[in-house]
Each structure stands twice: as structure tokens, then as C-alpha cells.
Amino acid sequence: MDLNSIGCVLLGSTVGLVLRMFVKYKFKIKKGFYINNTSLVNILASFFLGILVALNPINHNLLLLFYVGFLGCFSTFSSFIYDLFVLFKSKQFVRLFLHYIEVIVLSFLFFYVGYFLIKVF
Amino acid sequence: MINVKNFLFILFASYFASFLRFYVDNNFIISIFGSFLFGFIIARRLGKSLNLILLTGFCSCFTSFSGFILFLYRFISEEDVLKFILYLNIIFISNLLMMYFGFMISRKII
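Protein sequence lines correspond, in order, to chains A and B.
Straight run, no breaks: the first sequence in our numbering ends on number 123.
Straight run, no breaks: the second sequence in our numbering ends on number 128.
Among the hints, a few may not be true.
[Unchecked claim] In silico DSS-like links for lysine-lysine, alpha-carbon gap of 25 Å or less:
no.: 1; chain 1: B; residue 1: LYS126; chain 2: A; residue 2: LYS28
no.: 2; chain 1: A; residue 1: LYS26; chain 2: B; residue 2: LYS23
no.: 3; chain 1: A; residue 1: LYS30; chain 2: A; residue 2: LYS91
no.: 4; chain 1: A; residue 1: LYS32; chain 2: B; residue 2: LYS66
no.: 5; chain 1: A; residue 1: LYS93; chain 2: A; residue 2: LYS32
no.: 6; chain 1: A; residue 1: LYS91; chain 2: A; residue 2: LYS33
no.: 7; chain 1: A; residue 1: LYS91; chain 2: B; residue 2: LYS66
Simulated from the structure, these hints should not be mistaken for lab results.
Go ahead and model the full structure; you've got the sequences and the hints to work with.
Put into C-alpha cells, the structure is as follows:
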């Protein structure tokens with residue numbers, strides 16, 4: 003790993019982190035069964051991932067910047083599991099299941115929206 | 019609270035997490051370990067700023083939802099619906115149990 007790639011990862015993770023903290027602490031969202039800021043971050047990250055997969059960049063540094071740096075720091079899997087864990091601990095199993103389904107479905111929906119947005123145009 | 023000093027610590031934690039994720043390069047191990055650590059930390063009732071550094075900085079940057087989606091997308095693009103549903107549920111259940119396990123272990127140590 004040379005200096006250029008390290009710089010790409012650092013830049014991507016800084017932008018991802020700041021954007022995630024901005025979304026997490028500046029908005030108050032409560033929609034659907036349990037859609038909150040964490041879910042919003044993850045759904046947006048899926049949208050960007052769809053765009054990235056459709057573009058399919060060959061440049062290694064570009065992949066490091068956007069996939070490892072930006073998307074890795076922007077999306078968070080452990081907070082998603084934590085939301086489910088909170089519901090699991092308060093024994094709201096139906097709501098846990100519905101929240102799980104809605105996040106997965108919305109993520110893949112937005113993934114394909116991003117994917118076909120690039121493929122069509 | 020988020021001041022400049024805390025923000026720098028969060029930034030360094032996220033850099034460390036990014037490079038660790040890059041070198042491990044296995045989404046399943048990363049998510050399992052991250053969930054365990056998350057469960058372990060939330061049970062300890064640390065201070066607010068330390069929580070922010072460890073959870074928002076390290077754990078959240080270490081685990082990656084987009085890696086999870088990309089892993090599942092490979093099965094969809096191969097039109098392997100059975101494997102897709104199987105892996106989706108295995109990852110979800112194992113992570114939830116791992117977080118619960120970490121939570122319980124952390125409580126027992128105190």
C-alpha cells in the first residue's frame with residue numbers, strides 16, 4: 003500500500019464519518035415500524051453502492067476511496083444490529099421482524115434504483 | 019459531547035477501523051467481531067464521550083452495511099435465491115446472538 007492509496011482511504015473515511023455524524027445527530031426521524039437515522043444512513047449507503055457497482059471502476063484507488071473509505075465509514079452494520087437488539091431485549095419480536103424486513107427491502111430497492119439509474123442513462 | 023478534542027479522537031478511531039477492515043477483508047468475521055464489541059461496550063456504561071469514540075468512531079466504521087449488501091448482491095446476480103435467503107438469515111441471527119453474548123459476558127465480568 004503506497005502513500006497515494008493511504009491518502010484515498012483517509013479522505014474517504016473522513017467524509018463518510020462526518021456525513022454520518024451529521025445525519026445521525028441533526029435529524030429526528032421516526033417513520034414506518036422503526037425507521038430511524040441509522041436506517042436512513044444505511045439506505046443511502048445502499049443507493050451509493052448501487053451507483054458504484056453499476057459504474058464498475060477499474061482504478062484501484064477510486065475503489066479504495068469510495069468503497070473502503072467512504073461507504074465503509076458511512077454505513078454502519080453494528081448500529082443496525084443494535085436497533086434490532088433493543089427490540090429483542092424488550093421482547094418486541096413482531097416489530098423486530100418487521101423492522102428487519104423493511105430495512106432489507108428498502109436497502110435493496112434503493113440499491114437497484116441507483117444501479118438502474120446508471121445503467122439506463 | 020462533541021468538541022474538537024473528542025472529534026479528533028473519533029477521527030483517529032475511524033482511521034484505525036478503516037485500515038483494520040481493509041486488511042481483514044472478510045465481511046463475516048468483521049461483522050461478527052464488531053457486533054460482539056458493540057454489545058460488550060454498551061453493557062459497561064462508560065462515559066458519554068468514551069462511548070462516542072468507541073461506538074460511533076470505532077465499531078460503526080469497522081462494520082460496514084454496504085459490504086453486507088454487496089456480499090448478498092453477488093448471490094442475486096447469480097440468481098441463487100435460496101443461498102441469498104439462507105445467508106441473509108444466518109448473518110442476521112448470528113450477529114444478534116453475538117451481540118447478546120457480548121452483552122451478557124460484559125455484565126458477568128462486573
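How the hints compare with the structure:
1. At roughly 36 Å between alpha-carbon atoms, B/LYS126 and A/LYS28 are farther apart than 25 Å, so this suggested pair is violated.
2. Restraint check for A/LYS26 and B/LYS23: satisfied, since their Cα atoms lie roughly 19 Å apart, inside the 25 Å limit.
3. As the CA atoms of A/LYS30 and A/LYS91 are separated by approximately 23 Å, the hinted pair is consistent with the 25 Å bound.
4. Under the criterion of a C-alpha separation no larger than 25 Å, the hint pairing A/LYS32 with B/LYS66 is consistent with the structure, at around 23 Å.
5. Among the hinted pairs, A/LYS93 with A/LYS32 is consistent with the structure: their alpha-carbon atoms are about 20 Å apart, no more than 25 Å.
6. Taken as a hint, the A/LYS91 and A/LYS33 pair is honoured in the structure, with Cα atoms around 21 Å apart against an allowance of 25 Å.
7. For a cut-off of 25 Å, the pair hint linking A/LYS91 to B/LYS66 stands: about 22 Å separates their Cα positions.
Violated hint for the displayed structure: number 1, the only one.
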